[in-house]
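Assembling the complex is the task here: the two chains are given apart, and the hints tell you how they should meet.
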Amino acid sequence: MPATLTSKRHKVDDVADAIEFCFEQGWSDGLPVVPPTEKSVRAMLDAARLEPDHQVGFIEHRAVSITAEKVAVNAVMAGCKPQHMPLVVAAVKGIADPRWGYHGPGTSTGGAGVLMIVNGPVARELDVNAGDNLFGPGWRANLTIGRAVRLVMRNVCGSLPGLLDRGTLGHPGKLSYVIAENEAESPWTPLHVERGFRADQSTVTVMAAQGPHQFYNQLSNTAEGVLTTLADDMRISGGIMGQPNYAVILAGEHMLTISGSGFGKAEIRRFLFENTKTSHAHLKRTHRMSGAIQPADETLTRPLVESPDDFLIVAAGGRAGAFSAYVPGWGSKRSSQAVTVAVEK
Amino acid sequence: MELLDPTLEAQAQSIAWAPRPTALSGKRVALIENTKYNSDRLLERIGEILKTEYGASEARMWRKRNASVPAHEQIIEEVKKTSDVMVAGIGD
Chain A
87 MPATLTSKRH
97 KVDDVADAIE
107 FCFEQGWSDG
117 LPVVPPTEKS
127 VRAMLDAARL
137 EPDHQVGFIE
147 HRAVSITAEK
157 VAVNAVMAGC
167 KPQHMPLVVA
177 AVKGIADPRW
187 GYHGPGTSTG
197 GAGVLMIVNG
207 PVARELDVNA
217 GDNLFGPGWR
227 ANLTIGRAVR
237 LVMRNVCGSL
247 PGLLDRGTLG
257 HPGKLSYVIA
267 ENEAESPWTP
277 LHVERGFRAD
287 QSTVTVMAAQ
297 GPHQFYNQLS
307 NTAEGVLTTL
317 ADDMRISGGI
327 MGQPNYAVIL
337 AGEHMLTISG
347 SGFGKAEIRR
357 FLFENTKTSH
367 AHLKRTHRMS
377 GAIQPADETL
387 TRPLVESPDD
397 FLIVAAGGRA
407 GAFSAYVPGW
417 GSKRSSQAVT
427 VAVEK
Chain B
3 MELLDPTLEA
13 QAQSIAWAPR
23 PTALSGKRVA
33 LIENTKYNSD
43 RLLERIGEIL
53 KTEYGASEAR
63 MWRKRNASVP
73 AHEQIIEEVK
83 KTSDVMVAGI
93 GD
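Line order of the protein sequences matches chains A and B.
Sequential numbering from 87 applies to the first sequence in the working numbering.
Sequential numbering from 3 applies to the second sequence in the working numbering.
It should be emphasised that the hints constitute simulated quantities derived from the structure, not laboratory data.
Where is the CB? At the ideal position from N, CA and C, for every residue including glycine.
Incorrect hints may have been included.
[To be verified] So these bits of chain B aren't anywhere near chain A, every CB distance computed over 10 Å:
no.	residue
1	11
2	19
3	49
4	54
5	56
6	77
7	83
8	84
[Claimed, not checked] The calculated DSS-like cross-link candidates involving lysine-lysine, where the alpha carbons are at most 27 Å apart (straight line), are:
no.	chain 1	residue 1	chain 2	residue 2
9	A	419	B	38
10	B	53	A	370
11	A	363	B	38
12	B	83	B	66
13	B	38	B	82
14	A	167	A	125
15	A	125	A	94
16	A	431	A	370
17	B	66	A	370
18	B	66	B	53
19	B	38	B	83
20	A	419	B	53
21	B	53	B	82
22	B	82	B	66
So that you can see chain B by itself, here it is in the shape it has in the complex (with noise of 0.2 Å):
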């Protein structure tokens, strides 16, 4: 007998990555928060170390809606048009 498969069986795509920065010296990092406990001190404690180790120029961070969505609209735009790295974590 045949059986049918259950799972995605999805089209093959591809996805234009943005290029990785070879150093971090000059660059401006976006923090991007995800509302949960602690989630914003833990990411200022890396903004700190990569401007003061990794000679960052600046870090700065945006809320997300709540923990379980992606980034809305409006930070992706300000984060494309005002920074060159972004970190993205969670605390929990």
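Looking at chain A on its own, in the form it has when it is part of the complex (with noise of 0.2 Å):
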């Protein structure tokens, strides 16, 4: 006898109304939903192995604990398939996690989302975009996997918009923001294996992220031709006073160039570090800075990051087109960390 499904039951007459009933209860992101089902639901629940009542994670800040049953149910409302449901478990676990900090990213005017990153095989098998229009729309997986979260933090967590989400302006990856990282032409190891995984295991990694900053190099055709210019855009962006993760997402002519120098993630995020410092001068003098300018603040430099570790290096975004990406984190690694989280099956 499979164990009971104890959310409350809500009785409507067909799916255009249930539909129109989830936007009146408040439950949608601002977009049509699934009507959730007990079938639904428990395919759900299925396909991830999870008993109803198993506790995926909890927000100790607000004392919230998230149930499989309850993240099944906003999963099937973002118009997830059962076979996304482990990689939606793994991710929630991930803003779960204290390094995460859900507290802060989840009701900050910072208005961060929730940037994940898919490595390993499940990306292949779920269809997780890692090509072209790679922030952009056209994947069931990108779409539903990070509405899915988002509507478990909303229904589940409390994160409604100008209540306990207060985030100024937020971005529209806020309504998903889910990439794979392109492992197949990628000449890199990748992201999980370099945060201590096997290349055959199956991970997210939760960031989090402001909107992505794309930025343009036609003209180089060496590694630090392209990193210099991605360097002077990254220098003073984001949050370099409080010194968040970044993602940097290098897409196909941007990776061939800079692996052709013989550059590996070490040697980028080496370079990163040592060009994105800005001299204490600067920062005061454009208000980022507290303070009057002393004569040594010219020579005196802060680094946009704690540490080159900080920089997450993913090969991602179609082929053609001399353009990569930057995202900044949110807040500062203090606060927040990108967390990577293994997908059970």
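This is the structure in structure tokens:
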């Protein structure tokens, strides 16, 4: 006898009525949802082999226990397929990890999205896009998995925009912000292997993040050339005073140019670390750092991040076009760190 | 058709609140600073007002590790031992 689903039941006439009912209850992110029924919710739980009362995560600050049943209800509403559920569960574990620090990025005026970087076989199995139109529409897995996590934040954790989610601006990635690394074409060590997992494991890395910032360099045929442009764009971006994690997304053409110069991810991180420092004088002159400018401030520099390891380097994006992107993390690494979680099937 | 509710349905719990003092005269005040700009200055001023205008006996400040986390165990333990009332404020 399968365990009982304990969620409150609501009777509606038909599917159209159900969609409007979900809007009226305040359960939607602004787009229509798939009505969650006993059958569809059970299929989600079965796909992840989870009992409904299993605790996926606990948000200490809000004393909120996130059960598998509630994750499943929200995953159905987001439009996920049952096979997406293990990935949704792993991402929810990630944002409930104390290192991710839910209270900050979930609430802050800084308006963070949850950037999710998928690695390992699950990315191919679920057709998580790692190529053309990386951050854009067109792939069900990319759009629904991130949406499911945001609906859990809204409906289970109470992160309602304007109430407990106080983002001043927010950004479109708060609807869904899922990418995969292009491991098939990447010349580099995958992100999850760098972070201690085996290549044949599937993982999701969650990072509290601003929107993607695209940059352009069609002139350089060396790693130093491309990365100099990138570093110049990054230097005063996001939160130099907070020093958060940064994701750096290198697409096809830049990936080949950079690796052609013999640069691995470690060399990229070191180059970016050295070339994104800013003088205290400039930070004070531009009102990012408080205090009067002292003579020594002209040569005293502040790095963009605390350590080169705080840059997450990801090979992803279309093959054509001299574009790549960086994604500043939210706040500071002291308040929220990127967390990588294994996907369990 | 029947829909399942996606929102949190928490079990009811009761919390034992500390009794609220009726006056601040002679009370020891704990100020919990959240590390943001000017949070300390704001709380210092509040501490002064509580002493001069309301007769609190002292006001002592503790600093959280960062704005996004709760006051850590050491703060909680020390405040429990040394204070009667607490002001937790944010500066931003």
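Results for each hint:
1. 11: 6 Å, violated
2. 19: With a cut-off of 10 Å, residue 19/B remains clear of chain A, as the shortest Cβ separation is near 16 Å.
3. 49: 23 Å, holds
4. 54: 29 Å, holds
5. 56: It holds; residue 56/B is separated from chain A by about 31 Å at its closest Cβ, greater than 10 Å.
6. 77: About 15 Å separates residue 77/B from the closest Cβ of chain A, which puts it past 10 Å; holds.
7. 83: 23 Å, holds
8. 84: 25 Å, holds
9. 419/A / 38/B: 15 Å, holds
10. 53/B / 370/A: 37 Å, violated
11. 363/A / 38/B: 23 Å, holds
12. 83/B / 66/B: Roughly 18 Å between the alpha carbons, so the hint for residue 83/B and residue 66/B holds.
13. 38/B / 82/B: 24 Å, holds
14. 167/A / 125/A: 13 Å, holds
15. 125/A / 94/A: Given that 27 Å is the threshold and the Cα spacing comes to 15 Å, the pair holds.
16. 431/A / 370/A: Since the Cα atoms of residue 431/A and residue 370/A sit roughly 51 Å apart, the hinted pair is violated (cutoff 27 Å).
17. 66/B / 370/A: Distance ~26 Å between residue 66/B and residue 370/A Cα, so the pair holds.
18. 66/B / 53/B: OK: residue 66/B and residue 53/B at ~23 Å, within 27 Å.
19. 38/B / 83/B: 26 Å, holds
20. 419/A / 53/B: 37 Å, violated
21. 53/B / 82/B: With Cα atoms ~20 Å apart, residue 53/B and residue 82/B stay inside 27 Å; holds.
22. 82/B / 66/B: 16 Å, holds
In summary, the structure is inconsistent with hints 1, 10, 16 and 20 from the numbered list given earlier, while agreeing with the others.
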